[in-house]
Amino acid sequence: MRTLTISTKVRESLVDITGKVAETVAQSGVNEGICLVYAPHTTAGITINENADPDVAKDLLNYLGKLVPADFPFLHSEGNSDAHVKAMLLGSSVTVPVTGGKLAMGKWQGIYFGEFDGPRSRRCIITVLGE
Amino acid sequence: MRTLTISTKVRESLVDITGKVAETVAQSGVNEGICLVYAPHTTAGITINENADPDVAKDLLNYLGKLVPADFPFLHSEGNSDAHVKAMLLGSSVTVPVTGGKLAMGKWQGIYFGEFDGPRSRRCIITVLGE
Amino acid sequence: MRTLTISTKVRESLVDITGKVAETVAQSGVNEGICLVYAPHTTAGITINENADPDVAKDLLNYLGKLVPADFPFLHSEGNSDAHVKAMLLGSSVTVPVTGGKLAMGKWQGIYFGEFDGPRSRRCIITVLGE
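Protein chains in written order, with the working numbering: chain A, 1 to 131; chain B, 1 to 131; chain C, 1 to 131.
This is chain A alone, in the form it adopts within the complex (with noise of 0.2 Å):
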């Protein structure tokens, strides 16, 4: 297990943590398994899409800001409940099949942090299984 710590700049933003996540496969041992890459935020998750257009993941935070806006009439009295949303949305963690000690992930998908209510100092749990 490592845990990674991300500082996130502004509000919203989606932050590339592949090669870091593909360091630790890489370390662990593990030839063939998965790994787990888990948000431990209740106002952030992870997520995997695109990572060669940056437009895509501009497209991404804005389309969930369209389905969630900041503005509803939610009852939490923090301000940040359309935060929770895109939380629960993405979900805390994604998995990834590990194969020949790498991730065995497709060409243009990279593994992004969520934040949704930053900027502030964020983990990331990552876990690799297998042997």
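One or more of the hints may lead you astray.
Restraint-style ranges between C-beta atoms, simulated for each label pair [what the hints assert, rightly or not]: (1) A:PRO69 with C:LEU75: 11 to 21 Å; (2) C:ALA52 with B:PHE72: 41 to 51 Å; (3) C:ALA52 with A:PRO119: 26 to 36 Å; (4) C:GLY100 with B:GLU32: 19 to 29 Å; (5) C:LEU75 with A:SER77: 32 to 42 Å; (6) A:PHE72 with C:GLY29: 20 to 30 Å; (7) C:PHE72 with B:GLY101: 39 to 49 Å; (8) C:PRO69 with A:ARG123: 46 to 56 Å; (9) A:PRO119 with C:ARG2: 36 to 46 Å; (10) B:LYS66 with A:SER77: 11 to 21 Å; (11) C:THR5 with A:ARG120: 37 to 47 Å; (12) B:LYS66 with C:ARG2: 16 to 26 Å; (13) A:LYS9 with B:LYS58: 28 to 38 Å.
One-sided and incomplete, this derived list gives chain A residues near chain B with beta-carbon spacing under 7 Å [what the hints assert, rightly or not]: (14) VAL15; (15) LEU36; (16) TYR63; (17) SER121.
Straight-line alpha carbon distances no greater than 27 Å define the calculated BS3-like cross-link-like pairs of lysine-lysine that follow [as the list claims (entries may be wrong)]: (18) B:LYS9 with B:LYS66; (19) A:LYS66 with B:LYS58; (20) C:LYS20 with A:LYS102; (21) A:LYS58 with C:LYS66.
Because the hints were derived from the structure by calculation, they are not lab data. Glycine is no exception: its CB is placed at the ideal position from the N, C-alpha and C atoms.
With chain A fixed as given, assemble chains B and C onto it according to the hints.
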């Protein structure tokens, strides 16, 4: 593996099952690994979010109701298609890292069973993997 | 690990792959554990939902189309940003418990490969872990 039985009381609710999951991890003898919490249903799901302020769970349910209104002209004739969509948006499981024999969750995180077509008797399957 | 090849026929579809996943679990020799079903794509995902009444899958696709219309003014110029958002909402994988050498799924559950930018030749990576 352990199967929880959950009696939901109303059509829609987020039932906090963190304590039962933690108990299962403690009993499993697994020190380092992962815990899969799975809902074997198609109108219920599992999610992780804040369990400190109860208004957050209410906001999540209310907002899901806004995103997926029950009166949309769905084809499926049982009148619970909104529940199927909500289950899809949540996902049927969550996976949490286990370290030191415990769930490696964030301070504010709880695990919720999301009921969208209750009241019913539901099940939740908990699997702990590792060493 | 086994990689399925899936030929999707139209732009959007939910392809039932439950039988192939069950077959892979049976061949794996794993009795107790988990099965990860992973889509190595950025405009496709995996979800679990009802596969008894085919109207449910149609409702899920229709409603995703309502939640994420293709004609929103996205930045990404390939015209498939709605597919990227839908992939994010579904998630790129599902994980199912395995017990007694079989998928521990609910009676009405099926595993769907969600295509949002077809027709294409797609892959799906199945990993079974446990003993």
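These are the hints, each one checked on the structure:
1. For PRO69 (chain A) and LEU75 (chain C), the hinted distance range of 11 to 21 Å is satisfied, since their beta carbons lie about 19 Å from each other.
2. For the pair ALA52 (chain C) and PHE72 (chain B), the beta carbons lie near 21 Å from each other, so the given range of 41 to 51 Å is not met.
3. The hinted range of 26 to 36 Å is not satisfied by ALA52 (chain C) and PRO119 (chain A), whose Cβ atoms lie roughly 47 Å apart.
4. One distance hint, 19 to 29 Å for the beta-carbon pair GLY100 (chain C) and GLU32 (chain B), holds here, with the actual separation near 26 Å.
5. With their beta carbons about 34 Å apart, LEU75 (chain C) and SER77 (chain A) fall inside the hinted range of 32 to 42 Å.
6. Judged by the Cβ atoms, the range 20 to 30 Å given for PHE72 (chain A) and GLY29 (chain C) is violated: they are separated by roughly 50 Å.
7. For the pair PHE72 (chain C) and GLY101 (chain B), the beta carbons lie near 47 Å from each other, so the given range of 39 to 49 Å is met.
8. In this structure the hint that PRO69 (chain C) and ARG123 (chain A) lie 46 to 56 Å apart at CB is violated, the actual value being about 36 Å.
9. A hinted range of 36 to 46 Å for the beta carbons of PRO119 (chain A) and ARG2 (chain C) is consistent with their spacing of about 43 Å.
10. A beta carbon spacing of about 19 Å between LYS66 (chain B) and SER77 (chain A) agrees with the range 11 to 21 Å that was offered as a hint.
11. In this structure, THR5 (chain C) and ARG120 (chain A) meet the distance hint of 37 to 47 Å, their C-beta atoms being roughly 42 Å apart.
12. For the hinted restraint 16 to 26 Å between LYS66 (chain B) and ARG2 (chain C), the CB-CB distance of approximately 41 Å leaves it violated.
13. For the pair LYS9 (chain A) and LYS58 (chain B), the supplied restraint of 28 to 38 Å holds, since their beta-carbon distance comes to about 31 Å.
14. The restraint placing VAL15 (chain A) at the interface with chain B is violated, with a minimum CB-CB distance near 17 Å, outside the 7 Å limit.
15. The beta carbon of LEU36 (chain A) is positioned within 7 Å of a beta carbon in chain B (closest approach about 5 Å), and the interface hint is therefore held.
16. The restraint placing TYR63 (chain A) at the interface with chain B is violated, with a minimum CB-CB distance near 13 Å, outside the 7 Å limit.
17. With a least beta-carbon distance of about 13 Å to chain B, the hint placing SER121 (chain A) at the interface is violated under the 7 Å criterion.
18. Note on LYS9 (chain B) and LYS66 (chain B): the hinted pairing holds, with a Cα-Cα distance of about 21 Å set against a maximum of 27 Å.
19. For the hint linking LYS66 (chain A) to LYS58 (chain B), the alpha-carbon distance of about 21 Å falls within 27 Å, and the restraint holds.
20. Distance check on the hinted pair: LYS20 (chain C) and LYS102 (chain A) sit about 24 Å apart at the alpha-carbon level, within 27 Å; holds.
21. At roughly 21 Å between alpha-carbon atoms, LYS58 (chain A) and LYS66 (chain C) fall within 27 Å of each other, so this suggested pair holds.
This entry does not satisfy hints 2, 3, 6, 8, 12, 14, 16 and 17, going by the numbered hints stated previously.
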